[in-house]
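What follows is the residue order along each chain.
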Amino acid sequence: MTTSIRNITKHREQRYSYGLTLLREEMEKKYPMPKEEDVGKKVVLKGEGINLAFGGLQALMDINFELKEGELLAIIGPNGAGKTCLLNVVSGFYRAQEGEIYYRDRKITHMSSHGIAELGLCRTFQNIALYTGLTVIENLMAARHPHIKYNFLSGMLYFPWASDEEVRQRAICEDIVDFLEMDAVRNHVVGSLAYGLRKRTELGRALALEPRILLLDEPMAGMNRDEKEDMARFILDIYEFLKIPVVLIEHDMGVVMDVADRIMVFDFGKQIAEGTPDEITVNPKVISAYLGTEYAGV
Amino acid sequence: MAIHRPCGTFDRTYYEAKAIFRTRLQWGMITALILALYGIAFVMNDYLLGLSIVIFSFIVAMLGIQIITGYAGQITIGHAAFVGVGMYVLACVEAHLGWSWWVGMPLAGIGAGLISMFFGSPSGRLKELYLAFATLAAHFIIVYVISNWESMTGGVDGIWLSRPEPLLGIDFMVEHNYYLLALTLCIAMIYLAKNLARTKLGRAFVAVRDNDIAAEVMGINIFSTKLLAFGIGGFFAGIGGAMYAGYNEYVNVEFFPLMDSIWFLGFLVVGGFGSIFGAICAAVLWKCLDEMATLMTPVFSQILPGLAFYVTASFSLIMYTLIIVIFLVLEPRGINHRWNIIKASYRLHPFAY
Numbered sequence: 001m002t003t004s005i006r007n008i009t010k011h012r013e014q015r016y017s018y019g020l021t022l023l024r025e026e027m028e029k030k031y032p033m034p035k036e037e038d039v040g041k042k043v044v045l046k047g048e049g050i051n052l053a054f055g056g057l058q059a060l061m062d063i064n065f066e067l068k069e070g071e072l073l074a075i076i077g078p079n080g081a082g083k084t085c086l087l088n089v090v091s092g093f094y095r096a097q098e099g100e101i102y103y104r105d106r107k108i109t110h111m112s113s114h115g116i117a118e119l120g121l122c123r124t125f126q127n128i129a130l131y132t133g134l135t136v137i138e139n140l141m142a143a144r145h146p147h148i149k150y151n152f153l154s155g156m157l158y159f160p161w162a163s164d165e166e167v168r169q170r171a172i173c174e175d176i177v178d179f180l181e182m183d184a185v186r187n188h189v190v191g192s193l194a195y196g197l198r199k200r201t202e203l204g205r206a207l208a209l210e211p212r213i214l215l216l217d218e219p220m221a222g223m224n225r226d227e228k229e230d231m232a233r234f235i236l237d238i239y240e241f242l243k244i245p246v247v248l249i250e251h252d253m254g255v256v257m258d259v260a261d262r263i264m265v266f267d268f269g270k271q272i273a274e275g276t277p278d279e280i281t282v283n284p285k286v287i288s289a290y291l292g293t294e295y296a297g298v
Numbered sequence: 299m300a301i302h303r304p305c306g307t308f309d310r311t312y313y314e315a316k317a318i319f320r321t322r323l324q325w326g327m328i329t330a331l332i333l334a335l336y337g338i339a340f341v342m343n344d345y346l347l348g349l350s351i352v353i354f355s356f357i358v359a360m361l362g363i364q365i366i367t368g369y370a371g372q373i374t375i376g377h378a379a380f381v382g383v384g385m386y387v388l389a390c391v392e393a394h395l396g397w398s399w400w401v402g403m404p405l406a407g408i409g410a411g412l413i414s415m416f417f418g419s420p421s422g423r424l425k426e427l428y429l430a431f432a433t434l435a436a437h438f439i440i441v442y443v444i445s446n447w448e449s450m451t452g453g454v455d456g457i458w459l460s461r462p463e464p465l466l467g468i469d470f471m472v473e474h475n476y477y478l479l480a481l482t483l484c485i486a487m488i489y490l491a492k493n494l495a496r497t498k499l500g501r502a503f504v505a506v507r508d509n510d511i512a513a514e515v516m517g518i519n520i521f522s523t524k525l526l527a528f529g530i531g532g533f534f535a536g537i538g539g540a541m542y543a544g545y546n547e548y549v550n551v552e553f554f555p556l557m558d559s560i561w562f563l564g565f566l567v568v569g570g571f572g573s574i575f576g577a578i579c580a581a582v583l584w585k586c587l588d589e590m591a592t593l594m595t596p597v598f599s600q601i602l603p604g605l606a607f608y609v610t611a612s613f614s615l616i617m618y619t620l621i622i623v624i625f626l627v628l629e630p631r632g633i634n635h636r637w638n639i640i641k642a643s644y645r646l647h648p649f650a651y
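For the record, the sequence lines run as chains S and V. Numbering-wise (the numbering used here), the first sequence opens with residue 1 and increments by one. Numbering-wise (the numbering used here), the second sequence opens with residue 299 and increments by one.
Derived by calculation from the structure, the hints in this document are not laboratory data. Because the structure is a prediction, the values reported are computed rather than measured. Check before you lean on any hint, since a few could be wrong.
[What the hints assert, rightly or not] The list that follows gives simulated cross-link-like pairs (lysine-lysine, DSS-like), each with its CA atoms no further than 25 Å apart:
| # | chain 1 | residue 1 | chain 2 | residue 2 |
| --- | --- | --- | --- | --- |
| 1 | S | 41 | S | 30 |
| 2 | V | 316 | V | 425 |
| 3 | V | 641 | S | 149 |
| 4 | S | 149 | V | 316 |
| 5 | S | 107 | S | 35 |
[As the list claims (entries may be wrong)] Covered stretches of chain V, going by a simulated chain S footprint (3 or more residues, C-beta under 8 Å):
| # | region |
| --- | --- |
| 6 | 356-363 |
| 7 | 588-597 |
| 8 | 625-636 |
[Unchecked claim] Pair by pair, the computed Cβ-Cβ distance ranges are:
| # | chain 1 | residue 1 | chain 2 | residue 2 | range |
| --- | --- | --- | --- | --- | --- |
| 9 | V | 486 | S | 225 | 24 to 34 Å |
| 10 | V | 345 | S | 184 | 35 to 45 Å |
| 11 | S | 161 | V | 324 | 17 to 27 Å |
| 12 | V | 642 | S | 272 | 38 to 48 Å |
| 13 | S | 229 | V | 628 | 52 to 62 Å |
Where is the CB? At the ideal position from N, CA and C, for every residue including glycine.
The task is simple: from the sequences and hints, build the whole structure.
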């Protein structure tokens, strides 16, 4: 089969687009982009007095937080401080004993996990939780599940509209694959990919779900310097292209101090500090949590 | 499931990228295969036709358990009972309502699907081995109900029913016409299963199988997805049962013993989890082995005159278990995986990779 240049140019629009254009168009169809004056002011996600205990272990103690429009909030803290627990409570995976969570003035405390995901709170996992039997592109397509319009019967009979919808969704997923620079491995089974690429696929899967708030749980854990830089670039690009607030849990202080607008510090389930990176670096409570009390006074 | 394409085959559109058959050669081969399957109906004798019809109905039923266990990852040891529900729904519709096979067949699918969903509902709470035991109960309950609800099912005597009414002047009492009907239905069901696997719901099934927690957090309602898997798998089982019962013109509770449920699962391992091709291979292999065991009986009575009865009784069991054990040890991903390796090595021929 010969491939003529004319054929390639004919299908060009369908094949290429850069910078998450298709995803952004798709998202703009459903809700308007955040207004300029709201950025940094309007609260999109709010937690009030969250208490979470596993038996006698108090994992979260009276946590209050606010995430504002267009903000990159980093959550840091020593191991076991309750950072991931908070994310699990927000995404409905754990149920807090006390406290409420509001998403754009809507109470989501008792919503099901998939309902919360459909609202646009998309997350990645600390321990990679991909669908290992599917290829990269199928993983992203699986995350498009709530946004695919046809029902399963028209899928089974493969009606023309189901076929067209598949292609439309595929284009959006390919857009994300291009953005994450994973074109070469798009048809590889995820189980056979390297660690860094799997982490990237996780990010892509969260993107495919059309995030209105992106919750990233240690996206850079276990990566080398180059991979961390790539990942930081992707996070900042997403933040730029989609104008969505991002919650970032991360242990690498260099990255956190560079990218975050605001930082929240946890220790033993308590929120010990909150502020801009400059405030956090000199906060005595944070220093004592990380380095010990003898350094806090210096 | 990495895509193996012959050298020089490029996808220019996403329509091409997601096609089942991509090249003209593939189209030619599948068309030739289907035409050959239709063609041999007119040269096979009644015995081979009967065997083929049984194979076709078991392929459809095997696709059902492939959807439930292979794709959605919900182990079920009640699949033969769901096939049985299909048989009995068809039989009852024909015997009590006097409706024809053509109405009874889809009803058998729907009935078996609903029963399957009911017995699959513990999957909301149970996983893996525990779910396997919950569905094992389905088998006992269904067989108990069928054997004791005599006014409806005729108890252990079974029910007589009739072949499909003639359609467009084709008389299905003739063996090769029924073969053609079963083949057409089987191809249609394979196409449906294939489409299911490559569209929205199929991906959701695999998501639930591979990582149910992530699937839930990624916007998939896992309980309804699992129920749908049971429903659709049961539907396939019911259609398979209706094809089988229509051919035999008789149903009985002994058509779907407990061991069949276990063989369904065992041969799924041989065929390979999570592939349509694997399910087809599994059903063909199972029924061919079954037939081989029957054909071996006179041979055994020649070689071991005194022991023939015992050997025959245990021969198929030994064969099945041996095949399953060999596959578990040497190729745990089944025939499908081996076939993919063969295809890949053919494509790359002079080189190793």
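Violated hints - listed by number, lowest first: Of the numbered hints, 2, 3, 6, 7, 8, 9, 10, 12 and 13 do not hold.
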